[in-house]
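Undergrad: Read off the chains here:
Number of protein chains: 4
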Amino acid sequence: MSQSRDSSPGYEVADLSLAPAGRHQIRLAEHEMPGLMALRAEYGASRPLAGARIAGSLHMTVQTAVLIETLTALGAEVRWASCNIFSTQDEAAAAVVVGSGTPDDPQGVPVYAWKNETLPEYWWAASKIFDFTDGSGQPVAPTMILDDGGDATLLVHRGVEFEAAGAVPPAPREGDADYSEEYTVVLDTLRADLERDPQRWTRIAEGIRGVSEETTTGVHRLYQLASRGQLLFSAINVNDAVTKSKFDNRYGIRHSLPDGINRATDVLIGGKVAVVCGYGDVGKGAAEALRGQGARVIVTEIDPICALQAAMDGYQVATLDDVAGVGDIFITTTGNKDVILARHMEAMKDKAIVGNIGHFDNEIDMAGLARIPGIERVEIKPQVHEWVFPDASENADTTATEGGERRSIIVLSEGRLLNLGNATGHPSFVMSASFTNQVLAQIELYTAEPEETPAVHVLPKALDEKVARLHLDALGAELTELSKDQAEYLDVDVAGPYKPDHYRY
Amino acid sequence: MSQSRDSSPGYEVADLSLAPAGRHQIRLAEHEMPGLMALRAEYGASRPLAGARIAGSLHMTVQTAVLIETLTALGAEVRWASCNIFSTQDEAAAAVVVGSGTPDDPQGVPVYAWKNETLPEYWWAASKIFDFTDGSGQPVAPTMILDDGGDATLLVHRGVEFEAAGAVPPAPREGDADYSEEYTVVLDTLRADLERDPQRWTRIAEGIRGVSEETTTGVHRLYQLASRGQLLFSAINVNDAVTKSKFDNRYGIRHSLPDGINRATDVLIGGKVAVVCGYGDVGKGAAEALRGQGARVIVTEIDPICALQAAMDGYQVATLDDVAGVGDIFITTTGNKDVILARHMEAMKDKAIVGNIGHFDNEIDMAGLARIPGIERVEIKPQVHEWVFPDASENADTTATEGGERRSIIVLSEGRLLNLGNATGHPSFVMSASFTNQVLAQIELYTAEPEETPAVHVLPKALDEKVARLHLDALGAELTELSKDQAEYLDVDVAGPYKPDHYRY
Amino acid sequence: MSQSRDSSPGYEVADLSLAPAGRHQIRLAEHEMPGLMALRAEYGASRPLAGARIAGSLHMTVQTAVLIETLTALGAEVRWASCNIFSTQDEAAAAVVVGSGTPDDPQGVPVYAWKNETLPEYWWAASKIFDFTDGSGQPVAPTMILDDGGDATLLVHRGVEFEAAGAVPPAPREGDADYSEEYTVVLDTLRADLERDPQRWTRIAEGIRGVSEETTTGVHRLYQLASRGQLLFSAINVNDAVTKSKFDNRYGIRHSLPDGINRATDVLIGGKVAVVCGYGDVGKGAAEALRGQGARVIVTEIDPICALQAAMDGYQVATLDDVAGVGDIFITTTGNKDVILARHMEAMKDKAIVGNIGHFDNEIDMAGLARIPGIERVEIKPQVHEWVFPDASENADTTATEGGERRSIIVLSEGRLLNLGNATGHPSFVMSASFTNQVLAQIELYTAEPEETPAVHVLPKALDEKVARLHLDALGAELTELSKDQAEYLDVDVAGPYKPDHYRY
Amino acid sequence: MSQSRDSSPGYEVADLSLAPAGRHQIRLAEHEMPGLMALRAEYGASRPLAGARIAGSLHMTVQTAVLIETLTALGAEVRWASCNIFSTQDEAAAAVVVGSGTPDDPQGVPVYAWKNETLPEYWWAASKIFDFTDGSGQPVAPTMILDDGGDATLLVHRGVEFEAAGAVPPAPREGDADYSEEYTVVLDTLRADLERDPQRWTRIAEGIRGVSEETTTGVHRLYQLASRGQLLFSAINVNDAVTKSKFDNRYGIRHSLPDGINRATDVLIGGKVAVVCGYGDVGKGAAEALRGQGARVIVTEIDPICALQAAMDGYQVATLDDVAGVGDIFITTTGNKDVILARHMEAMKDKAIVGNIGHFDNEIDMAGLARIPGIERVEIKPQVHEWVFPDASENADTTATEGGERRSIIVLSEGRLLNLGNATGHPSFVMSASFTNQVLAQIELYTAEPEETPAVHVLPKALDEKVARLHLDALGAELTELSKDQAEYLDVDVAGPYKPDHYRY
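Residue numbers (the UniProt record's numbering), protein chains in the order written: chain X, 1 to 505; chain D, 1 to 505; chain C, 1 to 505; chain G, 1 to 505.
Bear in mind the hints are in silico, worked out from the structure with no lab data behind them.
Keep in mind it's a predicted model, so treat the numbers as computed, not measured.
Using N, Cα and C, we set each Cβ at its ideal position, and we do this for glycine too.
There may be inaccurate statements among the hints.
Unchecked claim - Under the rule of at most 20 Å between Cα atoms (straight-line distance), these lysine to aspartate or glutamate pairs were calculated in the DMTMM-like manner:
1. D/K381 / C/D15
2. X/K337 / D/E488
3. D/K484 / X/D178
4. C/K351 / C/D365
5. D/K337 / X/E488
6. D/K337 / X/E481
7. X/K349 / X/D322
8. G/K115 / G/E414
9. X/K115 / X/D15
10. D/K484 / X/D176
Unchecked claim - Covered stretches of chain C, going by a simulated chain X footprint (3 or more residues, C-beta under 8 Å):
11. 291-302
12. 309-317
Using the sequences plus the hints, can you model the full thing?
TA: Right under this line is the structure:
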C-alpha cells in the first residue's frame, strides 16, 4: 500500500486532514437525506441495531457517510470499503474515520477507501471490512453485509468454496476465454487469506445473518446463488424496492448522467445525437435527461417490451451497428457486457463521446479498443481519455478527419461508471431513498428469524411506501388520505399498502 | 326495447345500414392493429379456437370488431355486448353483425349493443351474450368469457349465487347506504332470468373454462372472488400484462384524454391548470398528455410512492380540497369512488371542466352534484352538460360570475369514461396491444388443463414479450439481438423472457 | 346559389334554425375569450367604432362570432364572409345573422358563409361583404377591411386595376404555367362585377381607410403591394403582433393539429414518425404537439436559422426526399407551395397520413397527386380521403402491401388547412388573443389620420402588451410590477413597453 | 499586482506552465466550434483583418482562446482581458499568451486575466488592453473593441468625458444613493490614467472604428449612448443576432445552469420547486433545463407578453413575494437589479439555493443580505457560500430549523453569474455561434465606411443565416433547398435571407 495515505490498523484513507471539509459536506447532505434523518429521529432511542456488526461495501461518498452514521446512530458497529476503485470521495472517508463527535459516533468508523485504488488495493480493502473484533480483540464475524454490486458477498462465497476445496484455483491466463484481470486479483486476495487462515471465510459466513444488496447486478447474482442452492445466508433485494429502483436508477441517472458528461467534457449536449444502449430504468432516466438538454436520443434494446416503450416515448429504436456512425454521444445502461464493441467505436465520428452508466466496465469493450493496432490513449484529464485511432494513411482511409488530424473518440472513466468517475454519483436525495431502504433492510435482517433455506426477498411493500412517505414532506407534496369508505371500496387498508405486489408503478 | 333499432333474435343494433361505413373503418383499423393481424396470419390455418364459444363484454367499437373477427378467424363462435352504455360505435356493431364476408366470417356475429343504452337495456344485453345454442338450437354454455370491467363475470357469479339461494334478494332502497340504481337493475335482470329458468346461470357457469379480464377494476374483483374462494372458473388477468397496462392505460390515455376534452369542449388546454386525480398508469398518461399541450398539471394521490413519482416528474402534488378553486380542468383516473365530491365542484371556478377517465362513474359524485338544491343541468351537446349552480342572491355569494351570470361547471359524459363518451376511445394501435393479449389469453384458457381451484393468472412473460414484438415492425423499431455469450452473462435465453417477473418496466 | 340554404338579400347561410345552438356555443366561447370581453367592458360605452363599416373576411366560426359582436358592441356596422370554403361553422353563421338580441346587436349581421362552399360561391360571398348601404339604401363603401389571407384585399386591388384598364383579362388556360382554377373564378367574379358596375371597386377602394390582416401570407402580399407602390390604403399587420404570431401560430397549432388528426383518423400518434415541413412558429407548435403525444418528429427546413433551432430542440432535420419513406404522418407548415410533391407521396408507406396546417392548399401538390395514372380517390368521410395508388402488378412493384391490397395514403381536408377542415380551428382562447389585436387595429385604423402614402404597420408594442395583460387574469398568472427604481435602471417606463422593437420573445 | 502570477510587460496571467493543458483543451474546443473553424478555412488566406488592432474584453475561457486565435488567423493584432473577475480559465489564458505556434500565431497574444481578480486588478486589466504599440514601440490606438458587458466601452467613454472635463470626479461615498464599490474603482483607475496621460482616452477613442458587443446589458448601454448622441464610434449589436440571442442566451443557459448548480451543490434538481425570475431568452432556457431535470418551475415576470408565454408553456406565473417561501432553488435571469431582495431571502426555506445567471450581481441584493444583523457567511467551497441567519431565539422564531440548527441559504458565485463562477460557462458549440457573429461583426466594422453619426446596428440577416449554416453540418442536419419557383412564390432569394427583419423565430 502506498505510504502517502493516512493509515492505521483501524482504517486507511487518503488524507485525514480532509475530515472537516467532509464533515461540512455531510451536514449539507443531511438536509437532502430526509429519509435517513427521519429514521434517526424514529429509532435513535430504541437502537434496533445495537449489537449488529455491518460489513459495508458501497461507494464511499458523502451520502454513504450519512448512511454509515445512521447505522451507528441505530446502534450498529460498522466497517466500510468502497465498491468501485474510483468512487471514493476522500473527504467523506476521512470524516467518517474521524467521526461526528456525537454521542452515537464518538470515534468514527473504520474505512478502507480512497479515490483511485488499484485492483489489488480494492480487493484488499474488500477483505478488511470483515475484520471485526470483540471487546478482547478477538476476531468476530459480522452479522450482516450491506452490499452494492455483490463484491463483498462474492468474496465470502468464493472464500467458503475454496476453503472447502482446500485451495484457491489458479487464475485463467491472459488469452483464455474466461480471463479477467480483476478475477485474477480476487483469486490472489483469497489465496493470501487462505494462507493466513484456512477457515477465515467459513467462520465469517457462519456469523452472517444476511446481506442487503443495492444493485441489479448484485441482486441477479444472489438469485443465481439461491437458484443453485448455494446462497449462504438470507438476502434482501433492496434494488427492487420501488423507492430504490425507480428513484435511484431512473431519477438519479437523470441527474448524474448529464452532470458526468458536463464535468468530463463541457460539450453542449443540445442538438447532438445521443445513443442510449438499453431502456430499462437507467436507460429511461438517461434518455429523459439527454432529451431534456435538447439532444436527439436513439435507443438500442434487446427486450421488445422496453423497445416498444422507447418507441412510444418518441425515441428512435435502432441497432448500434446501424447508428454507430451517427451518434455524438454513446451511453451504455444495460448491465450486460460487450454492448459497445471495438468495431462500433472504430465506426464512430471524430470526437464521439463514449461512457457507461450501467454497471460494470465490460459494457464497453475497453480491452478490444486497446488491442486495435496503433491506437493511442491520451489522458485529457483524470477519467477522460482520448483514444486516437491509427493514422489513416497506414491503415484505412476512414480514420483521418478533414483537417488531417487523426480521428479519435473520448472515453469517460475508462468505461467504468461515469457518474461516479466523472461526477459525484447520485445526489443525496436519491441516495436517501435507496439508503432508507438499506437501513430498513438491515433492521429486517437483524431482527427476523433466520431462514432454514436462505432466500432472496424484496422489502415488504409497506416499508417501500414508508420510504416514500418519509421523503414527501421535503418536496412540499401533500398526500391525500383515503376515507374508510374508499379504502373498503378498493379493498385496501387506509394506511396502505395500496397496490398489489405485481403493480409496476 | 325500442322499435327504432335493427333487431332480430340473433342481434340488436342501432342500424344495420351503417355496416358498409363500419366495414370501411374496420379495414383502416386493421392497418393500425398489427398484433391482431399477425395472429390471424400465424393461427389462421391451425384455428386453435375451433369449438370455443366466447361471450364478450367489451366496448363495441371498430377496434373490438377487429378483435371479434380475429377470434372468429381463429375458429371461435362469438356473442357480444358492450360494457358501457355510451361506448358502442353503431357502425362497428352493424358491420360485425353483417360480417366481413370472408370464409371465416360469412354471416357475422350476434351483437347486442348500441350507443346510449338505458341501464335495463344494458343488462339485458349483458345477459344475451350467454345464449349460445348448439346445432340443434338447444342452449349451450359458452366456454369462455372475454370481459372488460367484470360485468359479464358479475352476472354469472351473482346468478349462480341467487340460484343456489333460490331467489334474488330485494334491492337496497333509495336512501339506504348501499343503494345504487344500477345494482337494482342488475337484480331485476337476474330476477327475470331466474323466473324463466331457475338453473340458467348454474348451467352456464359449469360450461365456462375461464374468463380473460381487461381492466384494473375487473381484475380486482376477480382477486377478491379468488381470495374468498368464490371464483367459479379460471381467470387470466390481461390488465397486468405490460403490453396492456403500460400501453392501454398510459399511452392510450395520453392519446384519448385530450381528444375527448377537445371534442367535448374545444377549450384550449395550453396555459390552463389541470388537476389529475391519481398518478397510476392512467394518471401518468393523463398528466403527460396535458403537459404536452401546455397545461400546468397538479396531481392528487393517496399512494406515497405514486405521489413521489409525480413530484419527481415535476408535478405539484396537492389535495383536491386545496386546489379545487385553482383548476380549470379536473380529471379522475383512480378507479376509486368519491374522488371529486359535490363540495369540490361547488368550490370550482366558473366553467371548470370535470371529467373521468378512470373507470366507473362514481369517481365523480354525480348524484351529490344533482342533489344540490336549485342546481340546473343544461345539455350543451350529447355527453357535455353544464351544471349551473343556484343563483348567488338566494344561496351564497360565491356562485355568481362578474357578468352577473350564474356560475357553472362543465361535466363530460355524465361522469362516465370521457374518452369513450366524448371521443372514440383508445386508438386502434393501443387496442391492438390489449387485444392481442386477449386473444392469447383466450387460447391459453381454451387449451390449458382446467384448474382444481380456479385462480387468477397473469399471462406468461414470454407472451407479453411476443405481443410487443408483433408491434415493433409497424413502428420501424429495430430490435437488437442478444449474442449467446451475452445471454449467458445475463443468465437468460437468447429468445427471452429477458426480465424477472417482478420487473416493473 | 343553392336553394337549400337560408338566404335573403341581407345574408346567406346554411340554416337559420341552427342559431340557438350557435348562441349557446357563443356564450361558452365568450368565457374563453377574455380579451374581447374586456374590450367590450372598456369600450362599450364610448363606442370608438361608431360610424365604421367593416367588411370582414375571416373563417366564420363561433370565435369569429364573438369578434363580430365585439365590433358591433364598439359601434361598427359589419358584413362578413368566410375566408375558406370549408371553415364555416353553420350554427355560428346563423347565430350572427339572427343576432344576440342585446341592445348593440338587435338584428344581427349580414353573413355570407356556409360549410363547403364552391369556389364561385366563395368569391361571390367575398364580393358581397362590400355591399354596405346608407340609411336610404344607397351603396356606400366600407371604411375598413378585416382580412385573413388577403382575399378581400385582393379583390379590391384587382378590381381597381381592371376597372382602370377597362376590362378583366382572360384567365390563363388549363395547361398554362400560371393556370389556377381559383384565379379563373376570381376573374369571372370581377368580370361579372365590372359588367354590372364599371366603377364598383374604384368607389369602394376610395372609401376604405385601411385593412387589418391576420395571416403571414396576407401580410406578405401587403408588403409586396407596398413595396411596388400599389397599396391602396393603410394596412395593419396584425399577424406579427407577438400575441398573435406566437400565440395563434404556435400555441393554437399545438392545440388544433393533434385535434384535427384525431378527429380525421383516430390513429395513435404516439410511437409514430411525424415529418413536420417547416419550423417557423406554426412548425414549432406542430412539432411540440406531436412530440407531446409521443411521436418521433423529423423537421424539414430551408432556413438555416430555423433548422438550427429544430436541431437544438432535439429534432432530426432532414430533407423530405430522404424521409418520405420513413414517416407515418406528414404535416406542412410552411406557407410555401409544392412542399410535398406527388413523388414524395408515391414514396410514402401504406396508409401514411398527409395534411397541411400552413396556409394554402398548394403546400401539398394535390393536382400532381390526382394526375398519377390509375390513382383512385375514396372518401372515408368528409374531409378525409384515401388515395389508392394503382395496382402494383400493372405499374410498379412498390404499391402493393403485404396483404395484397393496393397501397394508399390518407389526405386530410384535400390539402387545405386540416385544423379547420378536420377540427374546429383554433380554440377560443387563442383566437381571443388574435382578435383582441384585430379590434385594437380596427380602432387604430378608424381613429388615425389617413396616410399620404399607404404603408404596412405593426401594432405598437404597448397594444401588444395590453393584449397579453388582458389574458393573464384568466390563467391565474400574477404579474410582477417593476419598481420605479428598476424601471429607471432598465430605462423603460414602469407601465411598459418593456422591450425594444427588435426583441424576439 | 500579486507577485505570484506570471507577468511581463506583455501579459499577466496566473501561471504560464498551464499553457500545454490549455492548448489541449483548445484543440478539443475547436472541434465544437465549427463556425470559427469554417471562418479560418474561408478567410485564412485573404486575411480581411490584416492591420486591425482589437481590444478584447470577454471572459478569458478556452472558447475565447479559439475566438482570439481565429481573429489572429484572419490577420488581426489582439490584446485581451476578461470581463468578469471570476471567469478566467487560467490554462486558456496561458495558452493564448504562449501562442499556438502556427504561422498565424507564432508568439501568442497579450492577455491580462486570471481567475479571482480583485476589482482594482480587473479594471487595471481592462485599461491594459488598449495599450497597443506600433512597430517602433509608440502607443497606437486600437481599431476596434470586442466587448462583453460594455466595460471596455464604458472605460473609453468615461475616460474621454473626464479628459474633456479635465478631471475625474470624486466617487459617491458609501451611504450615498448611487454608491457602488465598483464605480469607485473605475474612477480610481481613470484617475490614475489621467494623471499619467491627460489625453490617453481621447486619443484611443479617435482611433476606434467601432465596437461589437455581446450582451443585452452592453447593447442597452450602447443604445442609451446613441440616443443621447454620446456614442463615440459605430457599434454592432451582436447580442441580437438570432444565432447569438436564441443560441447563447437560451440554449447555452439550458446547458450551463444545471451544470453550475450541480457543480456547486450536488443537490438533486428533480422534484424541487425552482423559481426562475424572468422569462426572456435566458429565463426560457433556464426553465426548460430545470423542467428537463424534473423540477417544478415557477416563473416571475414583469412583461405581460413573456408572462403569457410562460403560462402557455405550462409554468405557474407568480410574484416572488408570494413564492419566496415555496421554492428550493431561485435563479435570476433578468438583467435587472434588485430582483431578489434581502426580505425574499429571509423568507426562504432552510438551505434554499440562490443564484444569478442574468447579468450583473445586483440582480440579487447581496449587500442587503450582508446587512442583516447577525447574519454569518460561511464558505462551503469557492463560489459557494452558506449565509446563516441569526439565531431564532434572539430575533424571530422563523429562522431555526427543526433540528435546532440555525436556518441558512446557499448563495452561488456571490450573486455573480453562476454558470461562469460555478461551472465553465457556455459550452464551446454555443460560443461558436456567438463568436462567429463577433468575427463577422469585426470584419464589418473594419471594412465598412466610417459613419458620420455613429449608430448601433444589428448584423445583416444574411450573415446571421450564414452563422447558422456554418453550424448545421456538425449536427448532421440536412437543409432543404428552395426551388427557384418556390423562392419566387415567397418573394425571397434562393440563397436567402428568408425572413423579414421583424421575424421573431
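Undergrad: All hints are to be evaluated individually against the structure, with a verdict given for each.
TA: Hints, one by one, checked against the model:
no. : hint            : in the structure
1   : D/K381 / C/D15  : holds, 18 Å
2   : X/K337 / D/E488 : holds, 10 Å
3   : D/K484 / X/D178 : holds, 15 Å
4   : C/K351 / C/D365 : holds, 18 Å
5   : D/K337 / X/E488 : holds, 10 Å
6   : D/K337 / X/E481 : holds, 13 Å
7   : X/K349 / X/D322 : holds, 13 Å
8   : G/K115 / G/E414 : holds, 15 Å
9   : X/K115 / X/D15  : holds, 11 Å
10  : D/K484 / X/D176 : holds, 18 Å
11  : 291-302         : holds (count 5)
12  : 309-317         : holds (count 6)
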